[in-house]
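Q: For this one, chain A is given, so just place chain B on it according to the hints.
If you want the building blocks of each chain, they are given just below.
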Amino acid sequence: MDIVLTDWQILLLKVGIVLALVPGVTLVAGYAEHKVMAHLQHRLGPMYPGGFHGWATLLADGLKFLYKEDIIPAAADKRVFSLAPFLIFVPTVLIYLVIPVDRALIVEDLDVGIFYLLAISSVSVIGVLMAGWSSANKYSLIGTFRAAAQLIAYELPIVLSAAVVAMLAGSLSLVQIVEAQRWPFLFWPPGIGLAAFLVFTGATIAELTRPPFDMPVAESEIITGPFTEYSGMRFIFSFFFPEVANMVALGAIGATLFLGGYRPIVPWGPLEVIPGVVWFLLKTSFMVFLFLWIRPTFPRLREDQLQKFAWKFLIPVSLALILAAGAWVLYV
Amino acid sequence: MATTERGIRNADEVVREAEETQVEAPRDRIGTEEMILNVGPQHPATHGVFRLLATIDGEVLVHAEPVIGYMHRGYEKLVEQRDYRQITNLVSRMDWLSGINNEFPLWLAVEKLMEIEVPPRAQYLRVVMVELNRIINHLMFFASFGAELGAITPTFYAFREREEIQQALEMATGGRMHFGFFRPGGLKEDVPRGFFAQALKGVRQVINRLPDYENLLLGNEIFKKRTIDVGVLEKEVAYNYGVSGPIARGSNITFDVRKDEPYSCYDHFDFDVPYGTNGDCFDRFWVLVHEVVESAKIVEQAIEGMPTGPIVGKVPRVIQAPEGEVYVRTENSLGELGMYLISDGDRRPYRLKLRTPSYSNVSALPHVLENTFVSDMIAILGSFFFVLGDIDR
Chain A
0 MDIVLTDWQI
10 LLLKVGIVLA
20 LVPGVTLVAG
30 YAEHKVMAHL
40 QHRLGPMYPG
50 GFHGWATLLA
60 DGLKFLYKED
70 IIPAAADKRV
80 FSLAPFLIFV
90 PTVLIYLVIP
100 VDRALIVEDL
110 DVGIFYLLAI
120 SSVSVIGVLM
130 AGWSSANKYS
140 LIGTFRAAAQ
150 LIAYELPIVL
160 SAAVVAMLAG
170 SLSLVQIVEA
180 QRWPFLFWPP
190 GIGLAAFLVF
200 TGATIAELTR
210 PPFDMPVAES
220 EIITGPFTEY
230 SGMRFIFSFF
240 FPEVANMVAL
250 GAIGATLFLG
260 GYRPIVPWGP
270 LEVIPGVVWF
280 LLKTSFMVFL
290 FLWIRPTFPR
300 LREDQLQKFA
310 WKFLIPVSLA
320 LILAAGAWVL
330 YV
Chain B
0 MATTERGIRN
10 ADEVVREAEE
20 TQVEAPRDRI
30 GTEEMILNVG
40 PQHPATHGVF
50 RLLATIDGEV
60 LVHAEPVIGY
70 MHRGYEKLVE
80 QRDYRQITNL
90 VSRMDWLSGI
100 NNEFPLWLAV
110 EKLMEIEVPP
120 RAQYLRVVMV
130 ELNRIINHLM
140 FFASFGAELG
150 AITPTFYAFR
160 EREEIQQALE
170 MATGGRMHFG
180 FFRPGGLKED
190 VPRGFFAQAL
200 KGVRQVINRL
210 PDYENLLLGN
220 EIFKKRTIDV
230 GVLEKEVAYN
240 YGVSGPIARG
250 SNITFDVRKD
260 EPYSCYDHFD
270 FDVPYGTNGD
280 CFDRFWVLVH
290 EVVESAKIVE
300 QAIEGMPTGP
310 IVGKVPRVIQ
320 APEGEVYVRT
330 ENSLGELGMY
340 LISDGDRRPY
350 RLKLRTPSYS
360 NVSALPHVLE
370 NTFVSDMIAI
380 LGSFFFVLGD
390 IDR
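Going down the list, the protein sequences come from chains A and B. Under numbering that gives the first Met the number 0, read the first sequence as residues 0 to 331, first letter to last. Under numbering that gives the first Met the number 0, read the second sequence as residues 0 to 392, first letter to last.
20 Å max Cα-Cα, derived DMTMM-like pairs, lysine to aspartate or glutamate:
(1) A/K307 <-> B/E220
(2) A/K137 <-> B/E33
(3) B/K224 <-> A/D303
(4) A/K137 <-> B/E32
(5) A/K137 <-> B/D56
(6) A/K311 <-> B/E220
(7) B/K187 <-> B/E169
(8) B/K223 <-> A/D303
(9) B/K352 <-> B/E79
(10) B/K296 <-> B/E162
(11) A/K137 <-> B/E64
(12) B/K296 <-> B/D271
(13) B/K313 <-> B/E116
(14) B/K234 <-> B/D259
(15) B/K76 <-> B/D343
(16) B/K111 <-> B/E324
(17) A/K13 <-> A/E107
Because the hints were derived from the structure by calculation, they are not lab data. Here the structure is a predicted model, which means the values were calculated and not measured.
The following block holds chain A by itself, in its conformation from the complex:
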């Protein structure tokens, strides 16, 4: 018997899958962050919760946050304060809609995939601004303006380096982009691909406000910046969850745009048998590991140094890359 689903049922199914998948991915990545950092620093990391190598650490953490008192500061703008986590959290989930996990395994293959993705990922800065401003806390205020300035500065290199890829692929659809990439992905076209990848990765780390670009949330300076006043589940949904989920999402985007997404790393018979999902997950894990690796290695930059790095280095470089890519498309 054939099961025929109506459009609405399919939509519901998709929404259900994404809503279930995103927290799962976040938990795995969060656990990976604990463990990778721990082993880079020659310690064991969480070992007890759940029994086997502390696999349930994040579940226990979540439970703890659930039980925490929900505090809204007396001086805070209560409505804005409680609305902000949603504005940060929802775009994070929306990013996952257009990531092609396999050739046909994608929630929505939009024609304007990249465009949608970049647009959605910058919405969350409004939430950050709301959170910081409504908290009525001076540290949050400093952090908020740092976050706003940083996200504006680093949105540009991301957009420009993604534009390089779009130009070379001749499409904005993410599936088309993956299909258009030629082996060896990162090194094709020579120089341009690798440079665009480096610009993209650097800007991504800044966009994620991860170390060494974590000034907006610098713990030792301004105490998680815009989220100083958040506690309990609000803290999870405004800071921790989006940070990790975004990290995975942007890692997946990096893998899609530059590393050939779900396609095998070498176009060779036996490797083609391995399903695309596996390749995609491997490449995404590599990107996530890169982010995790950088964190315990470097100290934090200063905000003005970061802005200089963006405006004086990354943006000119990515503009030059666009020129080079244009020349490549036209003449080669």
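A: The following block gives chain B in isolation, referenced to the frame of chain A:
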């Protein structure tokens, strides 16, 4: 000198620009005003209850005013009610990271007044313990300075190395922070078997792993960007505020009490005094890291040449300093620790003035902090290596 004071000059420009726009723009449209940011007493970068009233203009710190006293415990009055033997445990709680260092000048002062001869083995052992303690202290600041600049790994490196030395000290004294091991005329008891091996193991481990440290922090481009020419403390200013220790040596003051005015048996050992030339955060930190090597050298030499013999000199049953006064200064982990002891012949001191290094060092903070960035403020606070108990005592 084109590159020096770059961070500060940048901040100057920003302030000037802000002032200009404030004058030109109509008041009802754009108005900027300074904001007072209260840093501490509960702030992660102040390691303790240190408070800083910072007047900031955007990211620029215009003026900073340290507020201290949240931890004042009245030690100078308390010691007047205590027997000399009880004081040793009080003063070890001043700079709690280098407990055994604090006990040193107290007994030097008492021994000087009572004219007690300390046997050579006790002197050597004292130096070993003090230098081991100095290494522990410096590694702690290595960890915390990294953490303040956002590097999390140095903490774990430093604590791994600290542990070996902690264990050596624990073997001998039974304590990990407040050792209480010095006695008038010597030490509480001789060190147990295996102490020297453990101490050497710890010390050599530190020396072997120092290149790692240099790669991780001192050689790191971002670290250099954050610290070089940031928070410059000029030599003259350092003199005027009575700054001492690694911070003063970062500012090209090559004074070290151990070297220039040797006490106990420090003149028996061969060691260098590392110093910086610019007086910025990087130099202070560089001096701190390299002092660890010098301390390690002293420990190795002392253990090699360890004399045998008693560990306590001829001491009367009752410690009762004769009438008189004496000033003794030693090189504590964070600077010059002075104790001015006045005795009226009682079992208790008539007055004990404590000159603690952190107190004088922190007094130079407002000068250094002026016109820096908020992020620099954290770097500068971290590079001033202070212990709250040592400021307030």
